[in-house]
Each structure stands twice: as C-alpha cells, then as structure tokens.
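*Asks:* Chains as they are written, first to last, in the numbering used here: chain G, 2 to 74; chain L, 274 to 847.
Just so you know, the hints here were simulated from the structure itself, not pulled from any lab data. You may find that some hints are simply not true.
Said to hold, decoys possible - Quick list of in silico lysine to any residue cross-link-like pairs, SDA-like style, CA-CA up to 20 Å:
no.: 1; chain 1: L; residue 1: K560; chain 2: G; residue 2: V43
no.: 2; chain 1: L; residue 1: K316; chain 2: G; residue 2: W12
no.: 3; chain 1: L; residue 1: K560; chain 2: G; residue 2: K71
no.: 4; chain 1: L; residue 1: K289; chain 2: G; residue 2: E40
no.: 5; chain 1: L; residue 1: K316; chain 2: G; residue 2: E40
no.: 6; chain 1: G; residue 1: K71; chain 2: L; residue 2: V675
no.: 7; chain 1: L; residue 1: K316; chain 2: L; residue 2: V675
no.: 8; chain 1: L; residue 1: K560; chain 2: G; residue 2: P10
Claimed, not checked - Residues of chain G clear of chain L, computed beta-carbon distances all greater than 10 Å:
no.: 9; residue: A28
no.: 10; residue: V59
no.: 11; residue: F63
no.: 12; residue: S65
no.: 13; residue: K67
no.: 14; residue: K71
From the three backbone atoms N, C-alpha and C, an ideal C-beta is built for every residue, glycine too.
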Amino acid sequence: MHDDTPLIPVWFFVGVLLLCYGVLIFAASWYYAANPPAEPVVLADLHIGVWWGLLLVVVGGFYSWKFRPKRNL
Amino acid sequence: MTSCAALLLAPTSTHKLVSLGSVDIAIIAVYFVMVLGIGLYLKRYTATGEDFFLAGREMTAWIAGLAFISANLGSIELLGWAGNAYQYGIMAAHWYWIGAIPAMVLLGLVMMPFYYISKTHSVPGYLQLRYGPEASGLSAITFAFMTILMSGVNMYAMAVVMKVVVGWDLNFSIWVSSLTVGVYVAAGGLFSAIFNEVLQFFLIWFGALLIPILGLVEAGGWSGMVARIHQNFPGQDFTHLWAPMRSAADNPMGITWLGIVFGLGAVQSMAYWTTDFLVVQRVLSAKDMRSAKMSPIIGSFFKMAVPLIVILPGLLGRAVLPTHLVPAAEAANQAGQYSYDSVLPLMLTRYCSPGLLGLGIIALIAGFMAGMAGNVSAFATVWTYDIYRPFIRKTAPDKHYVAMGRWCTLIGLIISIGTAYIVMQFASIMDYVQALFSMFVAPLFGTVLLGMLWKRVTRAAGFWGLLAGVLGSITVFLLMKFSPERWVPILALTPRASGLAQDMYQALWACVICVVVTVLVTFATRPNPNVNLAGLVYGETQIPSEAHLPLFQRPVFWGAVVIAVLVILNIIFW
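Turn these sequences into a full structure, and let the hints steer you where they fit.
*Replies:* In structure tokens form, the structure reads like this:
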C-alpha cells in the first residue's frame, strides 16, 4: 500500500452500519408498537423490532468503539 | 450455483409482495452511501497491482473467510434455495452440507498450499505455471466470458426480484445497483469488494435470522413445525435428509444417494469451491499461508449454518403460510398464486414490521451487489493478468495494469448491463447460462487437482484433458436437453432425474472424461524435464510444517472439527 495512514479496519465500518440501523429500527419499532396498524404482522405482540434494534445498537456500538480509528494510530 | 429462473417468470404479475415505508427506504439509502464511501476511501490504498487485484495479500483469515463465503451467498442463492427447500424439503440442505463443506476443507488443507506458494494471482494463473499458456488461455477465456455473462444474468435476476418484491422499475434497479458497484470496485478493487462482502455477511444474518426464529415460535418449535407440515401436506416427507433417497422414486428430486455423494459431493461442489476464481480470489488475498488455509475452513462453519436462514424458512413456509405455493409457471398464469421462490419474501412480510422489513430487503440487495462486485473484480483480474498481459501486452509498468484493471471493471460492467438487457428479451437464456457455467468448472477441477497431486501430468495432457472435459460436458448437456427420454435414464441413471439431479450427473461425467483423457494423454506424451514444478505440485513443494503450532491453531484440527459436525448433522436429520 502506498498510503502510510493505517487502514481503518472493516470491523469499524460494520459497527457504524449496524449502529445506524439499530437506531433506525429501534425508533421505528417503538413507534409501530405505540401505534399499531389495523393488520399488524404476525407475533407483533413480541415487539421483536424493539429488541432487535437494541441488539444492533449494542453490537454495532461495540464494534464501532473497539475498532475506532484512533485506537489503531 | 442455482437459478432463480422461477422468479423470472413473475414479471407479468403487477402485484408486489412488499410495501416499503420511509424508514425502510432510509435503511436502503444508508447502505448505498456506506458502500460508495468505503470504495472511495479505499482508493488511496490501491496503487499497485497486488493492492488492486489481490487486496495487497494482507487479509486476515477471518476477513478472507467471511468474504469467501459472502461472495457465494448471493440473493439468488437465498431466494432460490429457500424456494427449493419449500419444494423439496430439507434435502435441499445437501447443497450446503455435503455439497460444500468437504470441498471447502479440501481447498483449505490440500489445494491452498499450492495456490499460495506458487504466488499465482488466479486459477488460470496456476494453470499457466503448471501446464503452460494453452490450458491457461482456455480456462481464462472461458472464465472471463462466463463471469461477465453470469454478472449480466444476475443483474437482470436482481432487477426482476426487486420488481416482484418491492415494485421497483427494472431499469432503475439495473442502473443504480450496477453504477454503485462499478464506482466502488473501480475505485478500491478487491479491497472494496471484500470490505463490502464482510458488510454483506452481517446484513444477511441480521436481516434474515428473524424469520426462522419467529417461524419456530409461531409453529411451536421443530416438532410443531413437522406436525404442521404433515397436517398440511399428508403423506409427504420433507424433513429427512437421506432416508428418502434409497431410490429415485421415493423423493421429488428424483435422485439417489449415489448422485448426491458422487455427483454433488465429489465433483460438482469440489469443482466450484476449489476452482471458481470468484471465491478462490478471496482466499488468495490472505496475508500468509496459515490464514490462506484457515479462511475456507472458517467459511465452512458459517456455510454449514446457512440452512438456518435459507432451508428452515422454506420448511416453515410449508408449516405456517396460509396458501400453498406453486411452480413458477402456474403462479405466472394465475392471479393470487405465489411461486416457490416467493417463500422468503412472503415470510419477511409475515413477521417484519417497518425497519425490520428494510433490513431484510437490504440484505437481499447487498447480496446481489456483492455478487456483482465479485464477478467484476474476478473478471478484471483474469482479463488483465491472464489474457491482456500474456497475449496482448507482455511488458508494461505495474501502474499500466492497474489502470487496465480499473477500466475493464467499468467496461465489464457495461457489457454486463448489455447482457442483462439481452436476457430481458430472451429469458430462456438463463437455462443455458447455468449449464454453461457448470460445463467449464467441473472439468477444470479435474485438471487442477491432477496438476497439484501428480507431477507426471504433462503440458499437453493438461490442455487436452480440460478440452475433452468441456466438450464432454457440453455433449452430455445437449443429449439430456434435446433427447431426454433416451439419454436421461442412461446418463442420470433414472428417468425421474430432476434438473438439479441432471446437473450433478453432467458435472460427474465432465470430470470423469477430463481425468481419463488427462491420464491417457499423460502416458502418451513425455514430460518436459526442463519445466520447474517447484511450488506447483505435491512432491516438488516444500509445504511449511505446522507441527510447532498448538493444536487449536492448526487448520487441520479445525478441518476435522467441521467434518465431525457435518457428520453429526447428517445423522440428526437422517
């Protein structure tokens, strides 16, 4: 490689993407739970979107923090 | 390795399966911004040929392994095999277990040392070193042609899926996705392709894993699912792997264990996983020998888990969907009917609220785009190093070949777009493209494996064996296609053999013909004593020992573990 700046690891990008998706899904699912449509999805009462969004936030946040660029300089 | 031809019949339907909300669109938009940003960021790190075509050979075993598996796990694979699982039951899992795991272990433990020590940049590059330009040229030209053709076919298939699933215009899907892929691969080369494949891996799992989880909750676990399937489809067995294969008449695939073990396990899967440059290129980017050996083995663990998100949803579809899915031709002609390949999108809409739906759809889109990126990056490498450099311009500075790589990425993409529009007019091309792909891959396995394990094989034998295998495969295909009543019972051992079964026997015949001709020509010709086979063949290569490593760090240990798990799974689901 000709650029001497350390390469940002792919795991950081994974973390950022999952963190972003986690926030979006958590927020959308919370709204969906609070304002259910006339024909909700099957097993809507489990509010799986809220939990899945939280999971993405945790996993994405962990990857983003652990592999953040300044850690590798 | 599979087709989504069924969905291609669906464009006549105007009813889309999924309605996306604003948060779903936002999720899709974020993905496009991310992949473009990564590609442009990585451009500064791809100045040399080794950077652009082989990601600097600096990938760790985990990154190369995840990219290796993601390059294969495209969305046609997801949708098509979920549909096959609905149609054939758990037998479809064979393509993920015996039809992949032994081959991946063989690649890692036996073949990667020769690929890696030879410092080749591609599979045709290995043939150049081992046999000379004739075999290499034949392999490179056929691979380049087929890769671009497959890229175009996949591009069209993706556009159709997006039209059927979310109602997007065909042209919009083709141009937006291909231009995005073109930008990030031309900018960052294999680096970009690999980084985005790792992203895709996570999106596939987080996007698709909810379906089997919620499906099993609704069905009441595995036993509840089996009970519901028996209730909905009495008298049919969808939940056993090997028991229905005592005879071809006992299962809807029309195949016996012989075809699965020898046709799929021993030849078709071996050929694909060990010689298809699209997947092998990812492993060649590994930073050292141990990483190169471990990458396919790491990938094999995840490959073995893929039935959880592909096969199980297909089975759950039989248990919980209110309507029965039908063959594609029936679905195209009857309003309100859905084809087998619709099972995954139908399960997505069944369980996924806004946000989760977007995640599931982006997993499909990411799969398509990663597949396209894989095709164009492999094409750029083979064209530049195996066709342009040896036959057109032998001596040029490295930066010339890098520029050629970037330009032919874009040109290859444009040709793919053109192919997609041709396929749009002649959809039956899909049948032939899938068969053509198998025609060149199966005999290539015989040629490469013999070249690695037997130093007596001569240059002429390598070329003539490969050519005979290709011609034999074409012949078998044509005979079974145009005179099935006469030839299918002979070549596929039973008149009941389905298309999948015929593909397996075609691969088996191709490899057998290749090996037989290679051996005969070898004994009829004399080897060139001046050819240096060091690093290319068993007996002439110093393969670094791993005896000094702790057991848990040796690839052979993990290879044995994954094979043991494979055996256990096959016993559990017998």
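*Asks:* Where does the structure disagree with the numbered hints, that is, which hint numbers, in rising order?
*Replies:* Violated hints (numbers, rising): 1, 3, 5, 6, 9; every other hint is consistent with the structure.
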